Amino acid sequence: MIKTKNAKQLVACQQCDALYDTPILKQGQSAKCTRCGSILAERKVDSIERSFYWSLAGIMLSAPAILLPLMGVTLVGQYHHASLLDCILALIDRGFFMIATLVFLFTLAVPVVRLLGAFYITYSFKFNRLKPSLLHFFRAFHYLDNWAMLNVFMLGIVVSMYKLLDDTELSINMGLLAFILWLICSTMASSTLDQDYIWQELENEFVD
Amino acid sequence: MSIKTAQGSGLALCPKCHKLNNIRQCSGKNVRLQCIRCHGLFYPRKPYSLQYTLAWNFAALIAFIPANIYPIMILYSMGIGEPNTILSGIGEFIDLGLYPIAVIIFTASIIVPLIKIIGLFLLVYRVHTGVRLRPDKHSKFYHALEFLGPWSMLDVFVVALLVAVVELGFITSVAAGPAINYFTLTVIFTMIAANSFDPRLLWDKKQGCENAKEENDY
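Top line first, the protein sequences correspond to chains A and B.
For the first sequence, the residue numbers in my numbering are 1 to 208.
For the second sequence, the residue numbers in my numbering are 209 to 426.
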């Protein structure tokens, strides 16, 4: 085994395992791996503040985005509309339990939990209420990274609108606006969250 | 010229908090570690990465067959049901002249799953044999696959929306077909397959090949 420096001063690329000295970054800078080109480390601008407010906005918008009707159709004088929650309930009604569960997880539960998680973490940082349990909390938070699909659902809304435009009268409801704003908030909340910084701070605080 | 890797230096990266941990010398090569920062358990490399990827990939491929045979959506109008498979649904869009939507759905529900399945098979094969391995190209390809994964859920969400919105009793209503279960399984399986592939194996294999070559030269 090669004698190495203290592991604290080194950083490894997550994608190719190349080893580097920890780069010293200012806010807004990022370092790329010279071998595979993926981002090695980055410092995001004003991460805690921005992520705090985006996630706060996201939490407030989640109720209207989920409950208000997204769109409605009119055909031969009859009108019917549906919200995100109605989609899941309709699937349960028809006996498609697996699909209902997955749609519930990907478009409702995971985004809401992610927003609440980001809010809790940034709240603890902003008001200096760090607890050792945050280490476990933030690790658990990472398990949800890949499974939020609000953007895919948005494209689904657009496609189904085209499908309905053809032979029905389509109306767009307030829920769609709330949903788009919710999508923006949750995307921004997770993209402004600076994970490297949070881990570093938590380590300084709680790991000898 | 080889770049120093964490594994070569007796260090391992925690996949969750990106902390470098020392590998204890006494233990074997790919042994379970506990991160000193987040206390999570992890392996320096994902264990049996290629085997898991291959297995999930086969599962996805098998689920993809019934997904295309059975109808994904049944459109009832005036009590008469008209079943639609994924492909016939796309055909309908082409008939209506909505080409961009047809292209989007065709890409999301046919091309992306197929490319993911074939691409992962290819990556596993290349890592296993080390023939014509180009880690820089292949890792970019892998990231594209990983990024595209969730977009295949598009068709499922469209069907879910249509089922909920188009509910006008006898006049017209939409029901989901059995294929939607299989199609969702395909998407989930390919996502898990992509997750269980470890891109660092590409670089390990490449470096292993180069080291072997250098030894032969001298």
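If you're looking for bench data, these hints aren't it; they were derived computationally from the structure.
Take the hints with a grain of salt, since some may be wrong.
[Claimed, not checked] With a cut-off of at most 35 Å between alpha-carbon atoms, the simulated DSBU-like pairs for lysine-lysine come out as follows: (1) LYS348/B <-> LYS212/B; (2) LYS32/A <-> LYS414/B; (3) LYS44/A <-> LYS26/A; (4) LYS126/A <-> LYS32/A; (5) LYS348/B <-> LYS32/A; (6) LYS26/A <-> LYS345/B; (7) LYS421/B <-> LYS348/B; (8) LYS421/B <-> LYS44/A; (9) LYS345/B <-> LYS32/A; (10) LYS212/B <-> LYS126/A; (11) LYS126/A <-> LYS413/B; (12) LYS345/B <-> LYS414/B; (13) LYS345/B <-> LYS131/A; (14) LYS413/B <-> LYS212/B; (15) LYS413/B <-> LYS32/A; (16) LYS212/B <-> LYS345/B; (17) LYS44/A <-> LYS32/A; (18) LYS26/A <-> LYS421/B; (19) LYS126/A <-> LYS26/A; (20) LYS44/A <-> LYS345/B; (21) LYS348/B <-> LYS254/B; (22) LYS126/A <-> LYS44/A; (23) LYS126/A <-> LYS345/B; (24) LYS26/A <-> LYS212/B.
Computed from a prediction, not measured in an experiment: that's the story for all the values here.
Here is what the structure says about each hint:
| no. | hint | verdict |
| --- | --- | --- |
| 1 | LYS348/B <-> LYS212/B | holds, 21 Å |
| 2 | LYS32/A <-> LYS414/B | holds, 20 Å |
| 3 | LYS44/A <-> LYS26/A | holds, 9 Å |
| 4 | LYS126/A <-> LYS32/A | holds, 29 Å |
| 5 | LYS348/B <-> LYS32/A | holds, 14 Å |
| 6 | LYS26/A <-> LYS345/B | holds, 30 Å |
| 7 | LYS421/B <-> LYS348/B | holds, 25 Å |
| 8 | LYS421/B <-> LYS44/A | violated, 42 Å |
| 9 | LYS345/B <-> LYS32/A | holds, 16 Å |
| 10 | LYS212/B <-> LYS126/A | violated, 38 Å |
| 11 | LYS126/A <-> LYS413/B | violated, 45 Å |
| 12 | LYS345/B <-> LYS414/B | holds, 12 Å |
| 13 | LYS345/B <-> LYS131/A | violated, 43 Å |
| 14 | LYS413/B <-> LYS212/B | holds, 14 Å |
| 15 | LYS413/B <-> LYS32/A | holds, 22 Å |
| 16 | LYS212/B <-> LYS345/B | holds, 20 Å |
| 17 | LYS44/A <-> LYS32/A | holds, 14 Å |
| 18 | LYS26/A <-> LYS421/B | violated, 42 Å |
| 19 | LYS126/A <-> LYS26/A | holds, 20 Å |
| 20 | LYS44/A <-> LYS345/B | holds, 28 Å |
| 21 | LYS348/B <-> LYS254/B | holds, 19 Å |
| 22 | LYS126/A <-> LYS44/A | holds, 16 Å |
| 23 | LYS126/A <-> LYS345/B | violated, 41 Å |
| 24 | LYS26/A <-> LYS212/B | holds, 26 Å |
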